Every structure is written in C-alpha cells, then in structure tokens.
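Undergrad: Construct the entire structure; sequences and hints are all you get.
Listed below, chain by chain, are the residues.
There are 2 protein chains.
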Amino acid sequence: MANKNGVEWSIRMGDGSSMVLESEPESKYRMMRLWDHFKGLVIQFVIRVWMFLKKAWDLGVDDPRKFFHCLKVGVALMLVSLFYYMRPLYDGVGGSSIWAVMTVVVVFEYTVGGTLYKCLNRMCATFLAGLLALGIHWIASQSGHHFEPYIMGISLFLLASATTFSRFIPVVKARFDYGCTIFILTYSLVSISGYRVDHLIQIAHERLSTIIIGTCLCIMTSILVFPVWAGLELHLLIPRNMEKIAQSLDCCVADYFGHDNEESKKNLQGYKCVLNSKASEESMANFARWEPAHGDFNFRHPWKNYLKIGMSSRSCAYCIETLTSCLDSKNQVPESIKKHLESACMNLSTSSSNVIRELATTISTMTRSTMKINMAVEDMRNAILELQNDIKSLPDLLIQPLDHKEKNDVVLSEITVMSLLEVIPLVSFASLLIETASRIEENMVKTVEELAESGKFKQPKSEVKPKHNQTTNKINVSDEENMTAQVQGV
Amino acid sequence: MANKNGVEWSIRMGDGSSMVLESEPESKYRMMRLWDHFKGLVIQFVIRVWMFLKKAWDLGVDDPRKFFHCLKVGVALMLVSLFYYMRPLYDGVGGSSIWAVMTVVVVFEYTVGGTLYKCLNRMCATFLAGLLALGIHWIASQSGHHFEPYIMGISLFLLASATTFSRFIPVVKARFDYGCTIFILTYSLVSISGYRVDHLIQIAHERLSTIIIGTCLCIMTSILVFPVWAGLELHLLIPRNMEKIAQSLDCCVADYFGHDNEESKKNLQGYKCVLNSKASEESMANFARWEPAHGDFNFRHPWKNYLKIGMSSRSCAYCIETLTSCLDSKNQVPESIKKHLESACMNLSTSSSNVIRELATTISTMTRSTMKINMAVEDMRNAILELQNDIKSLPDLLIQPLDHKEKNDVVLSEITVMSLLEVIPLVSFASLLIETASRIEENMVKTVEELAESGKFKQPKSEVKPKHNQTTNKINVSDEENMTAQVQGV
Numbered sequence: 001m002a003n004k005n006g007v008e009w010s011i012r013m014g015d016g017s018s019m020v021l022e023s024e025p026e027s028k029y030r031m032m033r034l035w036d037h038f039k040g041l042v043i044q045f046v047i048r049v050w051m052f053l054k055k056a057w058d059l060g061v062d063d064p065r066k067f068f069h070c071l072k073v074g075v076a077l078m079l080v081s082l083f084y085y086m087r088p089l090y091d092g093v094g095g096s097s098i099w100a101v102m103t104v105v106v107v108f109e110y111t112v113g114g115t116l117y118k119c120l121n122r123m124c125a126t127f128l129a130g131l132l133a134l135g136i137h138w139i140a141s142q143s144g145h146h147f148e149p150y151i152m153g154i155s156l157f158l159l160a161s162a163t164t165f166s167r168f169i170p171v172v173k174a175r176f177d178y179g180c181t182i183f184i185l186t187y188s189l190v191s192i193s194g195y196r197v198d199h200l201i202q203i204a205h206e207r208l209s210t211i212i213i214g215t216c217l218c219i220m221t222s223i224l225v226f227p228v229w230a231g232l233e234l235h236l237l238i239p240r241n242m243e244k245i246a247q248s249l250d251c252c253v254a255d256y257f258g259h260d261n262e263e264s265k266k267n268l269q270g271y272k273c274v275l276n277s278k279a280s281e282e283s284m285a286n287f288a289r290w291e292p293a294h295g296d297f298n299f300r301h302p303w304k305n306y307l308k309i310g311m312s313s314r315s316c317a318y319c320i321e322t323l324t325s326c327l328d329s330k331n332q333v334p335e336s337i338k339k340h341l342e343s344a345c346m347n348l349s350t351s352s353s354n355v356i357r358e359l360a361t362t363i364s365t366m367t368r369s370t371m372k373i374n375m376a377v378e379d380m381r382n383a384i385l386e387l388q389n390d391i392k393s394l395p396d397l398l399i400q401p402l403d404h405k406e407k408n409d410v411v412l413s414e415i416t417v418m419s420l421l422e423v424i425p426l427v428s429f430a431s432l433l434i435e436t437a438s439r440i441e442e443n444m445v446k447t448v449e450e451l452a453e454s455g456k457f458k459q460p461k462s463e464v465k466p467k468h469n470q471t472t473n474k475i476n477v478s479d480e481e482n483m484t485a486q487v488q489g490v
Numbered sequence: 001m002a003n004k005n006g007v008e009w010s011i012r013m014g015d016g017s018s019m020v021l022e023s024e025p026e027s028k029y030r031m032m033r034l035w036d037h038f039k040g041l042v043i044q045f046v047i048r049v050w051m052f053l054k055k056a057w058d059l060g061v062d063d064p065r066k067f068f069h070c071l072k073v074g075v076a077l078m079l080v081s082l083f084y085y086m087r088p089l090y091d092g093v094g095g096s097s098i099w100a101v102m103t104v105v106v107v108f109e110y111t112v113g114g115t116l117y118k119c120l121n122r123m124c125a126t127f128l129a130g131l132l133a134l135g136i137h138w139i140a141s142q143s144g145h146h147f148e149p150y151i152m153g154i155s156l157f158l159l160a161s162a163t164t165f166s167r168f169i170p171v172v173k174a175r176f177d178y179g180c181t182i183f184i185l186t187y188s189l190v191s192i193s194g195y196r197v198d199h200l201i202q203i204a205h206e207r208l209s210t211i212i213i214g215t216c217l218c219i220m221t222s223i224l225v226f227p228v229w230a231g232l233e234l235h236l237l238i239p240r241n242m243e244k245i246a247q248s249l250d251c252c253v254a255d256y257f258g259h260d261n262e263e264s265k266k267n268l269q270g271y272k273c274v275l276n277s278k279a280s281e282e283s284m285a286n287f288a289r290w291e292p293a294h295g296d297f298n299f300r301h302p303w304k305n306y307l308k309i310g311m312s313s314r315s316c317a318y319c320i321e322t323l324t325s326c327l328d329s330k331n332q333v334p335e336s337i338k339k340h341l342e343s344a345c346m347n348l349s350t351s352s353s354n355v356i357r358e359l360a361t362t363i364s365t366m367t368r369s370t371m372k373i374n375m376a377v378e379d380m381r382n383a384i385l386e387l388q389n390d391i392k393s394l395p396d397l398l399i400q401p402l403d404h405k406e407k408n409d410v411v412l413s414e415i416t417v418m419s420l421l422e423v424i425p426l427v428s429f430a431s432l433l434i435e436t437a438s439r440i441e442e443n444m445v446k447t448v449e450e451l452a453e454s455g456k457f458k459q460p461k462s463e464v465k466p467k468h469n470q471t472t473n474k475i476n477v478s479d480e481e482n483m484t485a486q487v488q489g490v
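So the sequences go chain by chain: A and B. Counting from 1, one number per residue, gives the positions in the first sequence under full-length UniProt numbering. Counting from 1, one number per residue, gives the positions in the second sequence under full-length UniProt numbering.
Derived by calculation from the structure, the hints in this document are not laboratory data. Certain hints may be false.
Since copy identity is lost for identical chains, a pair holds within one copy or between any two.
To be verified - Cut-off 25 Å, straight-line C-alpha distance, at most; resulting in silico cross-link-like pairs (DSS-like, lysine-lysine): (1) LYS308 to LYS265; (2) LYS278 to LYS173; (3) LYS173 to LYS54; (4) LYS173 to LYS272; (5) LYS304 to LYS272.
None of the values given here were measured: they were computed from a predicted structure.
TA: Structure representation (structure tokens):
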C-alpha cells in the first residue's frame, strides 16, 4: 500500500483486521524538511538584510557627506525640539511650536540650494496666503455670518484650482512648485480656521513666526555645518562627465585596434552615465540659482551655461554610443587595412580626448587657458586631416596588388569590390570618429568658452607652471581633489 | 553755452550779471520721455503677463485633463473643509480636522498612481511612527520625568538620522521617499507633544483618523472623477515615442535624398523627445506600480518591460541623432552615386519604420501580431541585403568611366581616390542606417516580444480584418484614439 507521499506500513492482526503503523520516520522527516526550509528562509532573509545594509553602508562610505547630512537633520530636529522642552521658549511661541518642528522635517534638503529653495518658497507662500486669507476673511465677515462659509469656500475653490494649474507651467514648476503647495495649504488652513477661531490674527502670526524660526534654523544648519552646495556639485559634475567621455573615447578606439585590457573595458562604459544626466544637471542648476555667493561663485554665476556644456557633452556621448556599436564588426576588417588607419585613428582619439580634458581643466580650475585649448584644437584638426589623408590613400593600398597581377577588368572589379566591402566598417568607424571630433570642436569648445566669458574666469598667470602634464593626457586626480578641497574650504 | 543735455539760454543784464532762462521745453520733453518710458514698461508688462497667460491656457487646451485635475483638487478641498463647516462632522474629529485638510493639499497628485503612492506612504508611515513614538514614550515615562526628554531626544535623533540616510538608497528613494519624511514628521510630533500633552493616545488617534479621512477622500476623487492612470499614460507614451522615431527615420532619409518639405523638417526633430524621456518614463512606471487593476491592466502588469522598450527606443534615437548629423554632408556626394543607393536606402528606412510601427501597434492594441511583425522584420532584412548589394556594386560604378579611357595606372588611382572620398559620407550614412535597423531588430523587437509575453497580450483573431493598412505604413490615428477612449472608458 502506498499513499501519494510515501510508503505506509500496516500490521495484519490475528482477527483479520489490519492496523496502520504510525509512519514516525516519515513525519520526522517532514518536520526536518520544514525546519530546514524555515532555516533556509531565515538565513536567506538575514543575508538579504545584511546585503541591503552593506550596500547602504557602502553608499555612505563612498560619499561621507551623506552621513553628515543625516547628522545635520538630527541636530536641527534636536535644536528645534528645544522650543518644546524649554519652558521660556515654549511660553514664547505657544503650542504652535509644532509648526517649527514640521518645517524642519519638511524643508531640510541635501544641498544648500535645495534647502533655500524650500525655505524661501515656504516663507513667501505662507506670508502671501496668510495675508490674502485674512483679507478675504475680513471681507466675508462684513457680509454676515450666514454668507461667510460660502464666500470662503468659493474663494478657496478658485484659488486652489488656479494655483494647482500654475504648477503645470514649466517655469513655475521648476522654481515655485513647493511654494504653490504651501500657498494652498496656508490659505485653506487660515480661511477654514477663521470660521471657528476668533483670534485669527494671532494664529496667523504664530504660524508665520514659527515657520520663520524653523526655516532660519534649517538655513543656518545647512550653510554652517559641512555645507553641500548644489552649484559646486554641478561645477564638479560637468568636468567629471567630460573626463568620462574622454576616457570612453580613448578606450573605444584602443579596443577597436586590439589594445584593450580589463581596465579599459570598464572605462569604456563611462559615457553611459552622461547619456542620462540631463535631469540631475537641471535640478542642480535649479537649486544653484537660489544659493548665495560661495567659494568662487557669485550669486549670479551663469549656471545655465553649465547646462549647455552638459548638452554638448551628451551630444558627444550619443556619437560615442554609436561608435561603440562599431566594435562588434571590428574583426571583419583585415588587419593589414586596419594597420593603415591605426596610427591616425589613435592620434585623433588622443588629441580629441586631450581637447576634452583641457576644457574640463578650464572649468574645474576656472582659468581660461585659451592658448592651450587652441593648441589642442589645432592638434585635433591636424589629426583629422591626417586621418582623412590616410583614408584617401586607402584605395592605393587596395589596388596595389593589381600592379603585380594581370590587368584583367574582371579581376580588377572583383578585388576592388571585395576590398571596399571589407573596408566599409573601418571607414564608418573613422568617419564617426571625425564626427565626434567635430562635435567636440563645434559644441563643447564653444559652450565652454561661453561659460568662461560669462563666468568671468581668470586669465592664467604666465609665470605659474601649468599643473597638468599635457603629454600624459591625464588630469592629475590628486590635483583635482586639492582644488575641490580649496573651493569647499573657502 | 551748452550743458550736457542741450542748449541753455541766458540773458545778460544791465549790471553785467547774467540770468539763465528756464528751459521749460526741455523739462517738458523730459517728462514726456519719462511718461513714454513708463507707458512702454506697463505695456511690456501687460504683454508679458498676457503671453504667460496665453501659454498657460494653451497648455490646458492641449490636454484638458489638466483643467479637470485642478477642478478635482478644488472639489476635494471643498469636501474636506465640510468637516470644519458642519457642526456634527466637526464635533466628530475635533480641532485636528485641520490634518485632513493638510493631507488633501499635500497628497493629491496628477495621476492615480502618484496619489496612491503618497496616500499609502502617508498612512503607513503615520501608523508606524505613531506606534513607535507611543511605545518609546511609555518606556521613557517609566524612567521618570527627569530622564524623559533625554530618552525621547536621543531616540528622535537616531531615528531621524537613520531614516534620512535610508532616503539615499535608490530603492527606498523610488518607493518610500515620501513615507520617510512622514515617518520622521509623525515621530517627532508625537514624541515632542508627549512631553506637554497628557492625552497623547487621543492625539495620535485623532491624527491617524483625520489622515485616513483625507487620504480616502483623495483616493476616491482621483479614481472616480476623470482618473488619469500613470500606467495608461506610460502605455500610450511608449508607442507614441516609437512612432516619433519612425517618423524621424523616414524624414531623415527623405531629407538626405532631397525629398524634404516643411512638414518633414518638423517631424525630423521628433526623436529629440525620446532622447531625454528616461526620467519621466521611470516616474510613470514607479507610480503605475501602485495602481489597482484598471482597463486592460492587471495589478501586476509588467511595467518594467515598458522601461526596457523605452531603453531600446532611446538606443535607436541615439543612432538617428548621429544619422541626422550626416545631413550636413549630403551635398558632398555626387548626385549620380547618391541615385545608385537612393532606392535601397529609402526602402530600408520604410521597412524599418514599418517594423517600429507594427511594434507600436502591438503595444497600443495589446495584441500579438507575431506573423505581421515577422513579415515586417523579414522585409527589413531583405532591404538590408539589398542595400549591402548596392554598396557592393558601387565600385563598378566608380570604375565604369575607366573602360572608355586610357588605362593609365596614375589615372586609375586618381579616379578611384576621388570617388572613394566622395562616396565615404554616403557609405557612412548607409552603414548607420543598417546599424539603426539592426538595433531595431535586436533590441526593440526583442523587448516588445518580452512585454507581449509577460503582459499576456491577446492573440489576434484571424477572422478579424486587420485595422491597419500595412501598405501605407501609417497608424490610423482615429483608430488609436478610439482604442484610447475604450481603455479609458473601462
């Protein structure tokens, strides 16, 4: 006898009946399996939690400012809660000190610009909405208690709808989105409270003063304790992205001609970060606009120009993206023909990435090095001409074998056909490379010059020895870090 | 005598002194100029405001659902304010009904998914934080009134810091960002109030119940009155972007071979919307995940697959971006050589865009048309082969003139050189076109098939006549709109 889960043992008794033996081993086995399953689940859960925590920890170790930010939020909250814990402060602002706590929680952002954006929006919107609500409430109260809710209700409906609609307008969305929410919030709170509360002006005043306390605390904490400036972040992000593009370009060409290794394979992917950087760049520029002068940046530093450079970087990244897809066909081209263009291509990629790196240095040091950039661009132009010449002389190479063969028309046509087809991937690769170089010259150089112009970058002191070694084509990382530290320290 | 602004008249008196005449016309002139300037400023201001309002109005006319959204917000606010205006409701929840109003203002988003995301986050976070705060408050109160503020303060500091840090983790950021804010907010409110307020549980209960009232009202309004589903938006956006890519591809190739007109110049730019669509697609998919089953979409509809299709669309868009930069060099290629590749290129672009449009139809009608897509892909493959053959036969064309000339080696090499250089832009263009086609086949077709698989798209009924006329290669717009209306109506 067998049930579906295993074997069942039975004993036949003397009276003919049979007794089923308890399949103890079976149930024990089941229990053990369940236990194992449970243990597995627990272990899996612990491992997952552990991995999650490890990832989170790595996130913070990568950029310790994230830890500092969390501590800052904690400190600001502790400070604002003193208004509740300390008798004299509590008596000063009364029960509505809870608004100060709320303000701190809602308003504190990672960057100074983000915090300022929210603080100023919150303060102005609260003030405006409060004033408006008091005014309309006064008008409504003149018309008698019976009409008051209708007037207040209709005005609330109209204002809320109009303000909500204004949030769809891109300019308003970018700069005053939070203010719109707070405007509706304050207007509805004050106007609705007005129906039941008599000392309305005191309430409005308390709300405003507590919000000012909260915002001031946030602004102080975010500016004075390890500030993270959105402007500086953008200022560092743009050259970093350019450096990534330069690396990708170098690695892509090196890979095409077989000079790839493990590290270059990794660096090749760098351009991908640049492809989708638009959103973060725009939000940084938006926040940077609210920041006061800090480090080398004035209040009206041309942050918009950084966005233009970002756009030109992306246009290069698109080209490199197409370029990398040529890597799939790199083995279709005969080595002999590849050899013919190799040095010119490598030269062009080196000189192009050199231009990008010079431009990145211009931005990160805020020093116009017109001469150096012009030289680098000149180098790049020469490399383009060299590559074009090498492409021009390709047919010689293709036809060369002919001189030693019989000059039969059929053979001639056959050989040329074969060679041209084989050459096409290489020629496409080369012309994409030229296109990338021309984008660098037309877009990137121009936008960086515009930034240098409008940002009033300083002229280089001719007596100062250039820090960056041009021949190695590498930005000295420690130099860049020093620079960063200096800018942050100011 | 002349002052800097004009001529000054003076009369010499009998005693030798001189008297300056008041230059009345001059001051009048100045006044008029000031007046004109002021008028100009006012007119400019009015015009600017008018333009701004007109733009805003157009925004709403383009998509009337934006108007509806504003009205919905107004209605929800009116409804929630009834809790204040109506005696029985007010007595039910007490003074904290203000929390319900706040919830509505803060939580109401444009899409159902956005509203649900915020509502659920707000509810769960409030519940969790309130429970935790009450628990820790109880522990603290056991340790005596003296230690209470320290225990509460330290726990607040630790929890706020940890929660703030968790917001940096991408997964948490995408799904629970708002919840984290509310968690800190509620915890600090309850724990701080606990120091001065005795009936803490009642406060926590009131806060939770008013928040539930507010969120339920928001959810009802946003689902029942003209709902805007983030999922449906994403479902419509992806095929629309694909259609734009198809148009851009067609227009780009037509432009290259001189078949451009005003409309095609405009359509050529369509791919640019796709380049930067990642952020909006991701936020839609994020919101869509919170939405219940609606229309043809189940609760667990594979929204992630839409993101993959979006990625493959962007990879095509990058290729087209590079393709359009070939348009600058279109006049460098001799017409005779261009003519040779024209029909093959046009053919490839038509068949490629046909594949894209078939895929778009598959998505928007949620019907797997494997046969049609296979046929279209087959067409595209044939077009690639045709183009490759035409490129192969290019050298014949280049060498043809030779047959009628003296077969001098120098001349041979010269002629071929000239021709190869002239041909290069065209060949690059053609190989980029082939690359685009192969990306469509490798990425787009595959990702759409994955979506059809995991989204359980229905098989086409063979007896139903296909609605879309394959030969014209155009999606019938009214059909698509009908479909949209149907999905929305469900």
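Undergrad: Next, verify each hint and record whether it holds.
TA: Hints, one by one, checked against the model:
no.	hint	result
1	LYS308 to LYS265	between (29 Å within a copy, 24 Å between copies)
2	LYS278 to LYS173	both (17 Å within a copy, 19 Å between copies)
3	LYS173 to LYS54	between (37 Å within a copy, 17 Å between copies)
4	LYS173 to LYS272	between (28 Å within a copy, 22 Å between copies)
5	LYS304 to LYS272	both (23 Å within a copy, 20 Å between copies)
Of the numbered hints stated above, none is contradicted by the structure.
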